[in-house]
Amino acid sequence: MTAAAAQGLGPPPARPAGALLPASCRVLSTRRELPDTWTLELEAPPGFAARPGQFSMLYAFGVGEVPISFSGLPGPTVPEGRLVQTIRAVGATTRALCALRAGDVVGVRGPFGAPWPVERAHGQDAVFVAGGIGLAPLRPALEAALAARARFGRVVLLVGARTPADLLYREQLEAWARRGDVEVRVTVDAAPAGPGAAWTGDVGFVTALLPRAGLDPARAVAFVCGPEVMMRFVARDLAGLGVDPARVLVSLERNMHCAVGTCGRCQLAGSFVCKDGPVFPWPQVEPLLRVREL
Amino acid sequence: MRTIQDELADVSLFAGLRPEHLALVAGCGRNVAHAAGEHLFREGDPADLFWALRAGKVAIELHAERRGALTVETLGEGEVVGWSWLFPPHRYAFDARVVEPVRAIAFDGACLRGKCERDHELGYELMKRMARLFSRRLAATRWQLLDVYGAPAAPGPV
Ligand SMILES: Cc1cc2nc3c(=O)[nH]c(=O)nc-3n(C[C@H](O)[C@H](O)[C@H](O)COP(=O)(O)OP(=O)(O)OC[C@H]3O[C@@H](n4cnc5c(N)ncnc54)[C@H](O)[C@@H]3O)c2cc1C
Ligand code: FES
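Read top to bottom, the protein sequences are chains L and S.
The working numbering numbers the first residue of the first sequence as -7 and each following residue consecutively.
The working numbering numbers the first residue of the second sequence as 15 and each following residue consecutively.
Among these hints, one or two may not hold up.
[Unchecked claim] So the derived list for chain L, only partly shown, Cβ under 8 angstroms to chain S, looks like this:
#  : residue
1  : G124
2  : A153
3  : Q164
4  : D181
5  : A183
6  : D194
7  : G196
8  : F197
9  : M222
10 : D236
[What the hints assert, rightly or not] Distance windows between CB atoms, simulated:
#  : chain 1 : residue 1 : chain 2 : residue 2 : range
11 : S       : P60       : L       : T155      : 31 to 41 angstroms
12 : S       : A107      : L       : T155      : 14 to 24 angstroms
13 : S       : G164      : L       : A210      : 34 to 44 angstroms
Honestly, the hints are just simulated from the structure, not real lab data.
Even for Gly, the Cβ is constructed at its ideal location relative to N, Cα and C.
For reference, chain L alone in the conformation it holds in the complex (with noise of 0.2 angstroms):
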């Protein structure tokens, strides 16, 4: 048994048909989310089959290969047969990924890796607590939640970011608050002051939102995704509120190769993260996130 079935995540999906040799897809669109944040409509490659929390590999060529996670699946708001994915150029290859225009083709290897299992908060309240450009990954599984609404007692959605200015989907965000049937708060590190300030909304670090939410913790399932440390200290401060770690669920991110358990590139102890993560319960990897070294 793999370490995320012993968890209660269920066996990792079997590997894909696409695993191993990325198919050529067409860009459809982009659009430009924040300065360095571009989100690309990718063409899916036939039978391309993801879900929520999942990741591709994606192949800028000529330059490199990197996971990047979903950020819209067919659903209500994708069309079927795309892939939505944004990303942040921080290196050569997001760079390179971020400079594409329709038109232009990128290889894409997947999908991979264990999905948010956003139906343990069927009858339960779903807690999604993103961090900067987590709030990508964690989107499809909100957008889930919400076309199976009356599954979910209470759905949250609590977003950090450094400045307004670098708050990602900010027009969405909107968008769910005027919904009312999910509960979206927003903080960010520092804004403007001053009468005139345009920004009215939270200042603080993004574990302030989680007491303002009056979170049920024997109800309450969180999904949690943003920078390591971020989700170490939103995991603690939960179960400081009562939530039970096993009811909390983090996102990865570790340099990846193959994305398919072989290379061992993205070994976390017992773990791979391309395989048994990106999705884990916290319980199975807060002790491996104390380790310094790995």
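With the hints as your guide, set chain S with the ligands onto chain L.
Chain S with the ligands in isolation, oriented as in the chain L frame:
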């Protein structure tokens, strides 16, 4: 009608305090309301008061040369604004501006300090609670300073 003592039970700082202590604390408070745009205090003002918010939102702001005014924290329902009343020199360190109309209990800091001096059990209980609040806010401030959402300057464990 709910008394100040009843209202205090909803403020996390005072939750679970013994009734006789709650009554002592309530004796130093009064109900207040402030419109958006008003300042509860400005940096350097004598720190006579602190506020337990029942509704609304307050921005804690600081002004730095060249960077202008910056909001570093917002506080809302059930949270406490201002702690400079506790320690000398009893001057506020930041500005506190009302961003959403506030209903609050305003406490006279000198009154509460006096009661804590006379009743050390109350004083110790309040100090423990304030210390917990400080430590949580200090940790959150450190995390804000970390700028965790920025790209790491050097390769991390990725
Ligand atoms: C499962 C998984 C899902 C991911 N999903 C997404 C996603 O949806 N969107 C997205 O933008 N990225 C995502 N990433 C991260 C992405 O894969 C990396 O940013 C990418 O591999 C960097 O490659 P590069 O060649 O552009 O930069 P490199 O040359 O590898 O790195 C350049 C610099 O960027 C830093 N860096 C590397 N990775 C990151 C990072 N994740 N965040 C900040 N700085 C980093 C490095 O430390 C280095 O200083 C995901 C990673 C994993 C493992
Ligand atoms: S990337 Fe090769 S084992 Fe995970």
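Tested hints:
1. G124: holds (3 angstroms)
2. A153: Result: holds, 6 angstroms to nearest chain S Cβ.
3. Q164: For Q164 (chain L), the interface hint is violated, since the closest Cβ of chain S sits about 18 angstroms away, which is over 8 angstroms.
4. D181: Holds - the Cβ of D181 (chain L) comes within 8 angstroms of chain S, reaching about 4 angstroms at its closest.
5. A183: holds (5 angstroms)
6. D194: D194 (chain L) check passes; min Cβ-Cβ to chain S is 5 angstroms, inside 8 angstroms.
7. G196: G196 (chain L) check passes; min Cβ-Cβ to chain S is 5 angstroms, inside 8 angstroms.
8. F197: holds (4 angstroms)
9. M222: Holds - the Cβ of M222 (chain L) comes within 8 angstroms of chain S, reaching about 5 angstroms at its closest.
10. D236: The hint is violated - D236 (chain L) has no Cβ within 8 angstroms of chain S, the shortest such distance being about 21 angstroms.
11. S:P60 with L:T155: 31 to 41 angstroms: Hint holds: Cβ distance 33 angstroms, inside 31 to 41 angstroms.
12. S:A107 with L:T155: 14 to 24 angstroms: holds (22 angstroms)
13. S:G164 with L:A210: 34 to 44 angstroms: Given about 36 angstroms between the Cβ atoms, the range holds.
The earlier numbered hints that this structure contradicts are 3 and 10.
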